[in-house]
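There are 2 protein chains.
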Amino acid sequence: MKKKPIDELKNRLTEITHLGSTIAVLNWDQQVFMPAKGAEMRAKTIAHLSGLYHMTLIAIDSDGLLTNLKSDLDLERKQFSPKDRVIISETWRSFEREKKLPEAFVKELSQTVAEAHTVWVEAKNSNNFKLFQPWLEKIVALKRKEAKYVGYEESPYDALIDLYEPGMTADRAAVILNDLKDFLIPFIEKIKKSKVKLNPKKIQGKFPIQKQKELNELIAKQIGFDLTAGRIDESAHPFTINFNALDVRFTTKYSEENIMQALGATIHEAGHGMYEQGLPSEYFGTPLSESISLGIHESQSRFWENMVGKSKEFWHYFYPKLKKEFPQPFSKISADEFYLNINTVQPSLIRIESDEVTYNIHIIIRFEIEKDLIEGSIEVADVPKIWKTKMKEYLGITVPNDRQGALQDVHWSTGAFGYFPTYTFGNLYSGQFTAQMMKDIPDMKKQIAKGKFDEILNWLRKNIHQHGKMYTAGSLVRAVTGEPLDSKYFIEYLKEKFFAIYKL
Amino acid sequence: MKKKPIDELKNRLTEITHLGSTIAVLNWDQQVFMPAKGAEMRAKTIAHLSGLYHMTLIAIDSDGLLTNLKSDLDLERKQFSPKDRVIISETWRSFEREKKLPEAFVKELSQTVAEAHTVWVEAKNSNNFKLFQPWLEKIVALKRKEAKYVGYEESPYDALIDLYEPGMTADRAAVILNDLKDFLIPFIEKIKKSKVKLNPKKIQGKFPIQKQKELNELIAKQIGFDLTAGRIDESAHPFTINFNALDVRFTTKYSEENIMQALGATIHEAGHGMYEQGLPSEYFGTPLSESISLGIHESQSRFWENMVGKSKEFWHYFYPKLKKEFPQPFSKISADEFYLNINTVQPSLIRIESDEVTYNIHIIIRFEIEKDLIEGSIEVADVPKIWKTKMKEYLGITVPNDRQGALQDVHWSTGAFGYFPTYTFGNLYSGQFTAQMMKDIPDMKKQIAKGKFDEILNWLRKNIHQHGKMYTAGSLVRAVTGEPLDSKYFIEYLKEKFFAIYKL
Chain A
73 MKKKPIDELK NRLTEITHLG STIAVLNWDQ QVFMPAKGAE MRAKTIAHLS
123 GLYHMTLIAI DSDGLLTNLK SDLDLERKQF SPKDRVIISE TWRSFEREKK
173 LPEAFVKELS QTVAEAHTVW VEAKNSNNFK LFQPWLEKIV ALKRKEAKYV
223 GYEESPYDAL IDLYEPGMTA DRAAVILNDL KDFLIPFIEK IKKSKVKLNP
273 KKIQGKFPIQ KQKELNELIA KQIGFDLTAG RIDESAHPFT INFNALDVRF
323 TTKYSEENIM QALGATIHEA GHGMYEQGLP SEYFGTPLSE SISLGIHESQ
373 SRFWENMVGK SKEFWHYFYP KLKKEFPQPF SKISADEFYL NINTVQPSLI
423 RIESDEVTYN IHIIIRFEIE KDLIEGSIEV ADVPKIWKTK MKEYLGITVP
473 NDRQGALQDV HWSTGAFGYF PTYTFGNLYS GQFTAQMMKD IPDMKKQIAK
523 GKFDEILNWL RKNIHQHGKM YTAGSLVRAV TGEPLDSKYF IEYLKEKFFA
573 IYKL
Chain B
73 MKKKPIDELK NRLTEITHLG STIAVLNWDQ QVFMPAKGAE MRAKTIAHLS
123 GLYHMTLIAI DSDGLLTNLK SDLDLERKQF SPKDRVIISE TWRSFEREKK
173 LPEAFVKELS QTVAEAHTVW VEAKNSNNFK LFQPWLEKIV ALKRKEAKYV
223 GYEESPYDAL IDLYEPGMTA DRAAVILNDL KDFLIPFIEK IKKSKVKLNP
273 KKIQGKFPIQ KQKELNELIA KQIGFDLTAG RIDESAHPFT INFNALDVRF
323 TTKYSEENIM QALGATIHEA GHGMYEQGLP SEYFGTPLSE SISLGIHESQ
373 SRFWENMVGK SKEFWHYFYP KLKKEFPQPF SKISADEFYL NINTVQPSLI
423 RIESDEVTYN IHIIIRFEIE KDLIEGSIEV ADVPKIWKTK MKEYLGITVP
473 NDRQGALQDV HWSTGAFGYF PTYTFGNLYS GQFTAQMMKD IPDMKKQIAK
523 GKFDEILNWL RKNIHQHGKM YTAGSLVRAV TGEPLDSKYF IEYLKEKFFA
573 IYKL
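Read top to bottom, the protein sequences are chains A and B. The first sequence lines up with residues 73 to 576 when you count with our numbering. The second sequence lines up with residues 73 to 576 when you count with our numbering.
Any given hint might turn out to be false.
If chains are identical, the list can't say which one is meant, so a pair holds when it fits in one copy or spans any two.
Listed next, the in silico SDA-like pairs over lysine to any residue satisfying Cα-Cα at most 20 Å (straight line) [stated by the list, open to error]: (1) K567 - E428; (2) K325 - F105; (3) K82 - K179; (4) K109 - Q294; (5) K285 - F105; (6) K395 - I441; (7) K116 - T128; (8) K75 - K293; (9) K109 - Q418; (10) K384 - R303; (11) K265 - Q294; (12) K522 - I291; (13) K293 - P107; (14) K116 - G92; (15) K569 - P514; (16) K109 - K293; (17) K285 - E409; (18) K142 - A551.
The set of hints was computed from the structure by calculation and includes no laboratory data.
Okay, chain A solo, but in the shape it has when bound (with noise of 0.2 Å):
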């Protein structure tokens, strides 16, 4: 008997995605456990694999299966289940890219984004931006070629946010992001200038990185992170990656002097790994099993990190904890010192190392150079210097390194144009999801200062995770809260935690 077409779809996209779950596999092991000399041939063996996975989903309408069932669909010549409309469609978006890109430029750029990393590293390491700069132009201009491989209409930028948050263009992440700098500068000055005096490190102290990781499992767990279906692991810098619904990886990193690194770490990463832990794994190898976007994504990190987090309620539950694990400095310290402090506003260089309100300025300027970058009006050679200009006219702080400038982030060296803003956007969205989780769960602040995130999480389970890729952000957003994307509600938020904080 044969097969049924949308059947023989399902059945090579679960081949095509055991690959996917193969590749991550490599790369989760070269950033966690790969020891050193490892690294030139686990870039080759990722190329190929790469360049595998790129034929295989090339291969999947090599006897038309794709197109035909496309055609189906956009004409209308067949019944198909609302599930398999996104399974078809979905799936089409992703290859007819793919499609676009010749072999060899993807097995170059998977091989030169993996040198570039170690090359970055060094370069951060020993704040040596010139070793990078040639690395970061071949990066960009492959993003450029890849941008033109993929189409746009406008800007090349488009085709690249494109791949991140589906569906956004540089001119309305452009205005999005201007709307919210012309918020945040102002708000950020009232801040700096209220009487109210903050410093995180007046909570800072020495925590043995043991006793760390046994509280950062604890909290992690607490929330609804699962680790019989998941592990939790340090490197340079956190990641969560997922092989399946049922083994999902997070990392963190560990500060000696200040708890809150780890801790803001772990519960951001850890809300990105309950959302890839909440997709239907029945679904495995379709896109019902995957995220919807980066910004989607950032939006569950972010809640967690940040409204949940970094809460007053969070913390008159797990603070007395906090308090018996670590006497010294904590015994001396208030809960509501301790909350304040956390949440403390201060221009900084560092973007992971930076607070709620500031870190959106950190995503803008970063979406300013990319932006530019990628639409080729400024060379890498500027990088450095644009990007100290702009943190002083947005922050008034002053970059005295590289290291601490533009070779902070990973994020180029992997070839990740157009995914910074997903950040911001995420914010966003977190904002809006909140303001109606609120509505839904009216003691949902109770329930948080008594240690219960059970009801919270089934919230996140049954609105956002459990769909998988059936809706697009845009209307999910809606779906769920009865209204476009908003800016709103996140300032709004901002408002109401930091005018009280700041008594403004």
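Starting from the known structure of chain A, fit chain B onto it as the hints suggest.
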């Protein structure tokens, strides 16, 4: 410009090896770090990649590339360098074997052993040989079928052992192992009657795992395992796995009471690991970067584990460190006493816990049984009884149950018939290599006593590791020692060491 056929072959081999290396990463992760719920999907991913690997291997000759090269070589139609000759003939050897096995047979075998393994685990846990018996019968029947497909001259066992120890036959193995048995049985009897009474329990204690880890890493590093091109982790069963010569990983297993459990495993696996790290990475993908045989591999691990790691000189150097790190109980135990007790010879039930003398009897028993099974001269149903009889006859001990008898080892459940004797070949090779090394490095023992291992490792690198598969096991032994394999060297080594220990 068209590629030369030999270069095209190397190219295809490299692609296959990237796939093999990837499957190794998946397997390593599965055994070391994977969370429990990931197991089911990981099995599917590995199955998918293994299918891909097999298909790619078959496709190597889809256009006759390999067949033509083999004919060019055999008929001397073309000139090939010695290295290229080996690449062609060794590739042909493994390809030819694969090709002889019908796809349906390969599937049946792989499915049978996958299920049989699960049954074996249950049978072992519940001490129920009858449960495993029908599966072992099925596996034996399939392995006899495999031997028929592959072809043999004298014994079907020849076709199976050839997979692990190329060129070895049932008859030759029987002669070698019988000679050894004729020496060992009276030798063990003598040791039993010695007035010297040793017991490894005398050096047990309570050793914190974290401190043990540091010691294991230090020793592995000092003997020459390159931790920038490898890792040490933990797993239920210690193993070594290589992704390429620059990324070689092994695992060990800690016991809080018995410090030698992990140390023995670490030094053993580091021996395997150093062989893999010594293979020439520039020939990645070809047989020139692959180990010769399981026996030669085992000669490396056993050399380091026993000839070095259980020598008086080794502990002369390391015992003061041990004493310093673990004053309990070592402050009250002399270096000599430690050395004597770790070399206790004591007939026992479990192969992997046995000493370096009786170990070989365990192997001989397995060899005799599996050879008879494959040749059809005994029945699977009689294996437990035969096992008990031989254990009584050769070692004088009574096997109380099958869990500690015929069910103890995983090998047969995976279809690995012909694998066991390579463990003892490893001992014999290492004995012969050591004798030669002591001629070439007259102060070898003094160097060990000073904690210097570089000249020893360089000897192994130069004489064994760097050659990859340029030699067969037989020709390597001849080239390095000037003689064919002869068990007298290992026997002499045992006599010298244990006559002294047991004052015989």
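Hint check results:
1. Taking identical chains as interchangeable, the C-alpha atoms of K567 and E428 lie at most 20 Å apart only when both belong to the same chain, with a minimum of 12 Å there against 73 Å between chains.
2. With identical chains, the CA atoms of K325 and F105 are at most 20 Å apart both within one copy (14 Å) and between copies (19 Å).
3. Taking CA atoms no more than 20 Å apart as the test, K82 paired with K179 passes between copies only; the shortest distance there is 19 Å, against 26 Å inside one copy.
4. For the homomeric pair K109 and Q294, the shortest alpha-carbon distance between copies (18 Å) is at most 20 Å, but the shortest distance inside one copy (38 Å) is not.
5. Within a single copy, K285 and F105 get their C-alpha atoms as close as 17 Å, and across copies as close as 17 Å, so both meet the 20 Å cut-off.
6. Taking the closest pair of Cα atoms, K395 and I441 never come within 20 Å of each other, the shortest separation being 43 Å inside a single copy and 60 Å across copies.
7. Taking identical chains as interchangeable, the C-alpha atoms of K116 and T128 lie at most 20 Å apart whether they share a chain (18 Å) or sit on different chains (17 Å).
8. Taking CA atoms no more than 20 Å apart as the test, K75 paired with K293 passes in neither setting, with 42 Å inside one copy and 56 Å between copies.
9. Taking the closest pair of Cα atoms, K109 and Q418 never come within 20 Å of each other, the shortest separation being 40 Å inside a single copy and 42 Å across copies.
10. Taking identical chains as interchangeable, the C-alpha atoms of K384 and R303 are never at most 20 Å apart, the minima being 28 Å within one chain and 43 Å between chains.
11. Taking the closest pair of Cα atoms, K265 and Q294 never come within 20 Å of each other, the shortest separation being 38 Å inside a single copy and 59 Å across copies.
12. When the C-alpha separation of K522 and I291 is checked against a cutoff of 20 Å, the pair qualifies only within one copy, where the shortest distance is 13 Å, while the shortest distance between copies is 49 Å.
13. Proximity of K293 and P107 under a CA criterion of 20 Å is satisfied inter-copy only: 14 Å between copies versus 29 Å inside one chain copy.
14. When the C-alpha separation of K116 and G92 is checked against a cutoff of 20 Å, the pair qualifies both within a copy, at 16 Å, and between copies, at 13 Å.
15. Within a single copy, K569 and P514 get their C-alpha atoms as close as 18 Å, which meets the 20 Å cut-off; across copies the closest is 78 Å, which misses it.
16. Taking CA atoms no more than 20 Å apart as the test, K109 paired with K293 passes between copies only; the shortest distance there is 15 Å, against 35 Å inside one copy.
17. Taking CA atoms no more than 20 Å apart as the test, K285 paired with E409 passes in neither setting, with 24 Å inside one copy and 41 Å between copies.
18. Neither within a single protomer nor between protomers do K142 and A551 lie at most 20 Å apart by alpha-carbon distance, with minima of 26 Å and 65 Å respectively.
In this structure, the earlier hints numbered 6, 8, 9, 10, 11, 17, 18 are contradicted, and the remaining ones agree with it.
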